[in-house]
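Here the protein sequences come in this chain order: R and Y.
Numbering (numbering that gives the first Met the number 0) for the first sequence: 0 to 461.
Numbering (numbering that gives the first Met the number 0) for the second sequence: 0 to 461.
Just so you know, the hints here were simulated from the structure itself, not pulled from any lab data.
Virtual Cβ for every residue (Gly too), placed ideally from N, Cα, C.
It is possible that part of the hints are untrue.
Said to hold, decoys possible - According to the in silico footprint, chain Y covers these stretches of chain R (three or more CB under 8 angstroms from chain Y): (1) 43-53; (2) 88-98; (3) 311-321.
What the hints assert, rightly or not - In the DSS-like style, the derived pairs of lysine-lysine whose C-alpha atoms are separated by at most 30 angstroms in a straight line are: (4) R/Lys406 / Y/Lys456; (5) R/Lys406 / Y/Lys384; (6) R/Lys406 / Y/Lys341; (7) Y/Lys406 / R/Lys50; (8) Y/Lys50 / R/Lys406; (9) R/Lys406 / R/Lys341; (10) Y/Lys451 / R/Lys384; (11) R/Lys384 / Y/Lys89.
Stated by the list, open to error - A short list of chain Y residues far from chain R (calculated; beta carbon distances all over 10 angstroms): (12) Thr264; (13) Thr383; (14) Asp413.
Number of protein chains: 2
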Amino acid sequence: MTDPFVVVGGDAAGMSGASKAKRDDPSRDVIVFERGEWVSYAACGMPYYVKGSVPELDDLVAVTPEEFREERDVDLRTNHEVVGVDTDAKSVTVARDGTTVEQRYGDLLIGTGASAIEPPFDGLDLEGVFTIHDMDEADAIERYVTERDPETAAVVGGGYVGVEMAEALDGRGIDVSMYEMLPRTLQPFGEETARTVEDHLRERGVDLHLETAVSDFAGDETVETIAYEDGDATATADADLVVVGVGVAPNVELAEDAGIELGPTGAIATDEYGRTFDASDGSVIESVYAAGDCAEVTNVVTGEPDHVPLALTANRAGRAIGSTVAGDPMRTGGTAGTAIVKAFDLGAARTGILDAERARSAGFEPVSVTIEAQTRPHYYPGATKLTVTLVADESTGRVLGASVVGKEGTKRIDTVATALSAELTVSELQNTDLAYAPPFSPVWDPILTAAKVLGGKLQTED
Amino acid sequence: MTDPFVVVGGDAAGMSGASKAKRDDPSRDVIVFERGEWVSYAACGMPYYVKGSVPELDDLVAVTPEEFREERDVDLRTNHEVVGVDTDAKSVTVARDGTTVEQRYGDLLIGTGASAIEPPFDGLDLEGVFTIHDMDEADAIERYVTERDPETAAVVGGGYVGVEMAEALDGRGIDVSMYEMLPRTLQPFGEETARTVEDHLRERGVDLHLETAVSDFAGDETVETIAYEDGDATATADADLVVVGVGVAPNVELAEDAGIELGPTGAIATDEYGRTFDASDGSVIESVYAAGDCAEVTNVVTGEPDHVPLALTANRAGRAIGSTVAGDPMRTGGTAGTAIVKAFDLGAARTGILDAERARSAGFEPVSVTIEAQTRPHYYPGATKLTVTLVADESTGRVLGASVVGKEGTKRIDTVATALSAELTVSELQNTDLAYAPPFSPVWDPILTAAKVLGGKLQTED
């Protein structure tokens, strides 16, 4: 009898892998160890629970523990923490209620996820100061808002979590300030898109502080103020609630302690099937996989390892590993770093490589254009502006990335994401046959218009 | 001095070609002969003018004759009909006010468009019976509705023009019946999408007659009734207004008379740069191009000549020919037959090859799935159903086509259209990194879900 397929971590990557393996090979035992209570939940939905758009926290659970156990026949053990991996003995050490047991595995999937980064601010442990990375925190913020009725909130970090939380807290009637150390919000979305979002945040009443370092939070048990650098001085502002969203770090301790190699991004290195490597000699560990927010995947543009802790990447890699473990090898798929975020009335989306320096370090000579187009013909009711930034390599014409921002139509980023997977050039992208009818698009879809303009620029620079 | 670039026809293909050539080579004279008054108008917007969503007919004009003449320096001559082409002498015969003149050309672009097919029904010349293919007809229908206040309308033909006109006339408070000879509407959109649209048309009060042949229209000067086959009998129904939209035929007489080759579809055959062929020996006519609704383009899936009279194809081919004529050869681009149509509250879109027989005749073994997905996660407000049909070739896994239908998110067809251009397989499509956030999409975009399911089916049939 084969030893079971053991999964560490019960969220997107882990549960996708467990479900797929069991479905494809029902005879194999599949055990999932999850250190918390929650499994398979939509972390990306948490801001909308806080906002009040999603009535119940349970609504965010895609599949319940009971469904995994009863319908999918997965041996799911919540409140079980894997504290050690022995890749020679092919076993894991599992802690529960102060005791530990050993569990042998035939194949192992490490899906330990990522954790919110907690910067070394004073006052981080005051009541009313939260990070947001798991369901308990989302629950706590929502209860705090309901029970304490805060008037002011400070959001620390202008990434997509910060932007979503600003909208959510504003939606609860709270005055929101946002603090970002860098000169712009939404760093990976490129300058043009970030600027458009920033103007809109200000229009919607968010007090936006860019290039501003937060120094600490203060209050008597409960947070009352936030202190931040203002030029050479330190300023303070009222903050009845603080949400810190300055990024996430992959949970790699378990892997690192087991002698599994980390990659250049600091996440667990993997091959195209999600298999890990032995840190001592770089050899593939055939039976140990990693996927999700703790693991690297290959960037489809650069071909280099990348760490993009997003839900689709995790789900897809987990599912592929489940298939591989069940006997049908499936590649985990690369990432284009595609992301989309709602910021009040705007959508902003990005894919590929937008940063010129990153493009150059991957061997490209980036050329970029930003165009403004309409989402529908000028004469059709409801047409709104869509701003598209498109980047390509000067010598080959290959499309490298894009960003779009506007009130509707931002899913058009998928056209470019698909073009990136297929390594299309700008002139090939320009010749794709996209859908047109007045209620849906102008004749030249904004993506095609951007490709036309970028094509012209590439030609001129020949 | 080079002879001028002469363009026959002042709509999408012709004006795109003229504008591009003049912009890229300002020293070259560019003359456009248009037999009517209107140039560069959005034919696809006409139903929305009739509906009342677009206030003025002039709103549909993208660029006015004055703008072409003054800003773009194009010698645009409206009310000039080209009645002959001599490819040996490189000249055209132009008729105006009963006289004709000869005009020499260095390069010639034939952009004569297409005309609405007029079936041999009795009563087609009654007042109140219209086809809809040009601006004068749109104007006439709108005036007829405003002045005569019809209570009932019959739409003959269930293609996209019929569906759009049904919505438009319903929007003017008219009871609409629709008659389609075939067993379904929207033939090129595939059965699943057509059925969904048909159910919705009925829900919205359209009296839908499928597999129903119309025999004639009757009335005293003005149309009053429509007669149609009902089983073995003939039935009649009131119709104060009739719109016939049973397709278009390419305007090829001019080309055919000039000895230019027509292709298998009946439209003008072209090579990848839009150049035409000599019918007598099949040789390329270097200086004579054709583009738009009168010309063939290559289908990106089958590699075969296709006739897809749609606006983007015409604009793109015209523009490419303008570039070629100005000295920078540009391919006209293929077609995937991508189309999208609004049917009351639904959108329906299609791309590629959906018809199994057509796929087989192009050498494929089509396998297809239809899935139902949500446009957003179940917990996010406003999620609606999106039905996706995806077709691939069994032996290679190559994606052949798709159709989607739903209340929002139908522009997702562009993902598949891009995949078709890039000749992606289902497993490559499944691994594209599409954008996810709850306000915009489920984790697995409906297109990815369809690819997953189709991938599983292809595997099973291995």
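**Asked** Against the structure shown, which of the earlier numbered hints fail to hold, in ascending order?
**Response** 2, 4, 10, 11 and 14
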